[in-house]
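Asker: The residues making up each chain are set out below.
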Amino acid sequence: MNSMAGKRVIWLAVPALAFLAIFYAAPLFYLLARSFVGPSGFTFGLFSAFLADAYNWRVIGNTLRIAMLVTLVCLVVGYPVALALARARGFAQVILLTAIILPLSVGVVVKAFAWQIVLRRDGAIARLLVSTGIWDEPQRLLFTEPGLVIGAANVFLPFMILPIYSVVKLIDPRLWEAGATLGASPLYRFRKIILPLTMPGIISGMAFVFSMSVSMFVIPSLLMGDRFQTLATLTGRSFLLMRNEALGSATAVVLLVLAVSIVVGSTWLSRRIGRSA
Amino acid sequence: MPDSPFLDVRQATKSFGATRVLDGVDLAVKRGEFVSLLGPSGCGKTTLLRLIAGLASADSGNFELDGQEIARLPPHRRDVGVVFQSYALFPHLTVSENIAFGLKAKGAPPGEITATVRQFLGLVHMESMADRSVRALSGGQQQRVAVARALAVKPKLLLLDEPFSALDRKLRETMQIELRRLLRELAITAIFVTHDQDEALIMSDRIAVMNRGRIEQFATPEAIYARPATPFALEFVGLSTRIAGTVTTYDDAGFVTVETPQGPLRAKGRFAVGSPVLLGIRPECIRFGEGGGENRIAPVLTDIVFQGARVQAHFESQSDLPILIETSTGLPSELAAGMPVPLSFAVEDTLAYPAEVAR
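Protein chains in written order, with my numbering: chain S, 483 to 759; chain F, 378 to 736.
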């Protein structure tokens with residue numbers, strides 16, 4: 483494609499950009515602007531008040547801690563799946579791909595309610611842990627942080643697996659064999675060949691899962707309840723229950739700053755790795 | 378034990394599903410030797426290479442390298458280097474880092490790694506490219522890096538899987554000579570897989586001609602060309618005139634007379650009267666006129682193919698077997714397509730094989 487045609491093709495993005503500008507960016511901007519407007523005009527007062535409250539710092543802490551744990555669980559569970567998926571052939575690959583993609587078609591509310599059942603004191607997980615002797619007696623996982631992390635990791639797992647899978651698929655399997663014939667042990671080959679070559683996939687998978695976990699609303703609402711607040715649930719409460727639009731705007735801005743810095747940071751990181759790789 | 382083979386493969390067998398890819402292969406390679414596995418695609422040559430490297434496991438068979446049984450060793454403990462057809466260079470590393478990979482994996486001291494990398498960069502003439510990304514290299518340069526990377530860990534045995542197939546012809550010939558010289562300098566024992574007979578003839582100390590999961594002949598290039606052991610070796614290595622016929626007489630001196638569409642021909646061999654045979658004659662053993670020997674034919678000329686230093690003449694034949702002659706001294710001047718041309722060749726240059734019934 484020559485550069486003239488390349489410039490003209492860019493116009494194809496105009497309808498989508500216009501749609502986003504009118505129905506998404508403008509209301510968002512209005513919302514953000516609200517958080518900087520006080521009784522006497524422009525002010526940071528709302529934020530200094532928000533950040534002065536120790537409770538709000540606990541909310542920020544909750545949000546980041548849960549998002550990091552969910553991302554970590556997804557990475558640890560999803561990475562081997564992505565490798566297996568890339569190496570699987572024929573029927574096995576179809577089954578694996580279906581198992582990963584099909585759950586995306588089930589709404590997150592349905593999944594959260596299903597997890598409520600699984601995480602109960604008489605739920606499947608508790609019974610499994612008792613019957614294997616890990617727990618002495620059944621405990622409730624519902625309304626606990628581990629329960630939330632397990633449930634959220636389940637919902638977001640495909641968004642970790644698929645970006646890693648798409649990168650692993652492109653790795654020539656001969657590289658692994660070449661490493662072996664050079665005398666490198668499987669662990670060394672993993673660390674020096676597979677891990678660096680899959681790093682762009684790991685970064686984008688982590689960025690997906692982290693940004694979704696940081697802003698999730700339905701899952702913590704249903705699996706943790708009101709006693710535990712994250713930035714997203716607090717935003718929702720401010721608008722829906724407390725009718726405090728100023729607080730809601732402030733939490734939304736903090737959340738937005740977190741999410742944007744993650745996306746920008748990870749894009750920068752993966753481009754840097756892509757260049758040096 | 379200087380006489381025992383350096384690499385000794387006995388009765389190697391491998392099947393993929395119902396397909397038997399290797400059917401009891403024996404291969405004994407001496408220290409320092411350069412051996413080619415030559416055969417058409419699907420003959421099992423690459424599979425044999427992968428079994429030796431440990432990248433696939435044999436269904437049965439013994440694999441001994443330098444007196445050690447290696448069949449159960451994982452590939453990274455075998456000391457067998459491989460140059461892959463696609464080179465398989467690590468795309469995230471530079472030229473130097475690729476060459477250093479095996480040394481680092483083995484935990485060599487940094488000073489030794491630097492010195493060895495520099496040495497092999499020099500041996501393959503890639504000093505100026507040391508810090509380039511391997512993705513920026515041409516095919517020939519990638520091939521050099523792949524060879525240097527495999528040799529830098531000083532393997533006992535180097536395996537090469539059609540390493541020149543991605544290169545254009547000119548470059549391929551240069552690289553063949555370069556690689557041969559390098560391996561000789563370093564006294565490396567090497568096995569080379571190829572389907573290109575010219576490549577095998579140029580480079581090898583010995584050639585193993587493979588067909589349908591078996592080695593049909595394992596001998597020097599000269600011996601394989603002059604005395605192919607099987608009709609397949611005759612057909613696959615070099616050009617040949619081939620004429621099918623039936624044995625009509627057999628004498629005590631070990632000669633047979635064969636009735637063919639071209640007339641009766643004599644050859645050395647022990648066959649029962651009435652058995653079908655295939656006769657093979659190398660094209661340069663056939664002369665125009667009657668001075669070439671006792672066997673005489675007069676086929677109709679169809680084509681003259683000019684090949685620079687040599688000229689080929691092709692003749693009509695009653696079957697799908699070719700009749701051709703090759704000469705570097707020029708053709709008789711009065712030749713024209715469509716006329717019968719008297720040709721002759723010696724009985725001792727006429728090779729006879731039992732004909733396969735399937736033909």
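One or more of the hints may lead you astray.
Distance windows between CB atoms, simulated [stated by the list, open to error]:
{"#": "1", "chain 1": "F", "residue 1": "451", "chain 2": "S", "residue 2": "543", "range": "15 to 25 Å"}
{"#": "2", "chain 1": "F", "residue 1": "599", "chain 2": "S", "residue 2": "577", "range": "51 to 61 Å"}
{"#": "3", "chain 1": "S", "residue 1": "672", "chain 2": "F", "residue 2": "495", "range": "51 to 61 Å"}
Some chain S residues flagged as far from chain F (calculated, every beta-carbon gap over 10 Å) [to be verified]:
{"#": "4", "residue": "571"}
{"#": "5", "residue": "659"}
{"#": "6", "residue": "660"}
{"#": "7", "residue": "663"}
{"#": "8", "residue": "667"}
{"#": "9", "residue": "670"}
{"#": "10", "residue": "675"}
Please keep in mind that the hints were generated in silico from the structure rather than gathered at the bench. Every value quoted in this text rests on a predicted model; they were computed, and no experiment measured them. We treat Cβ as the ideally placed atom computed from N, Cα and C, and that holds for glycine.
Asker: None of the hints should be skipped; say for each whether it holds.
Answerer: Hints, one by one, checked against the model:
1. F:451 - S:543: 15 to 25 Å: Once the Cβ atoms are compared, 47 Å apart, the range 15 to 25 Å for residue 543 of chain S and residue 451 of chain F is violated.
2. F:599 - S:577: 51 to 61 Å: holds, 56 Å
3. S:672 - F:495: 51 to 61 Å: violated, 29 Å
4. 571: Answer for residue 571 of chain S: holds, closest chain F Cβ roughly 13 Å.
5. 659: violated, 5 Å
6. 660: violated, 4 Å
7. 663: At roughly 4 Å from the nearest Cβ of chain F, residue 663 of chain S sits no farther out than 10 Å, so the non-interface label is violated.
8. 667: Its Cβ does come within 10 Å of chain F, the nearest being 6 Å, so this is violated.
9. 670: At roughly 5 Å from the nearest Cβ of chain F, residue 670 of chain S sits no farther out than 10 Å, so the non-interface label is violated.
10. 675: The claim breaks: residue 675 of chain S does not keep its Cβ more than 10 Å from every Cβ of chain F (closest is about 6 Å).
When each numbered hint is compared with the structure, violations occur for hints 1, 3, 5, 6, 7, 8, 9 and 10.
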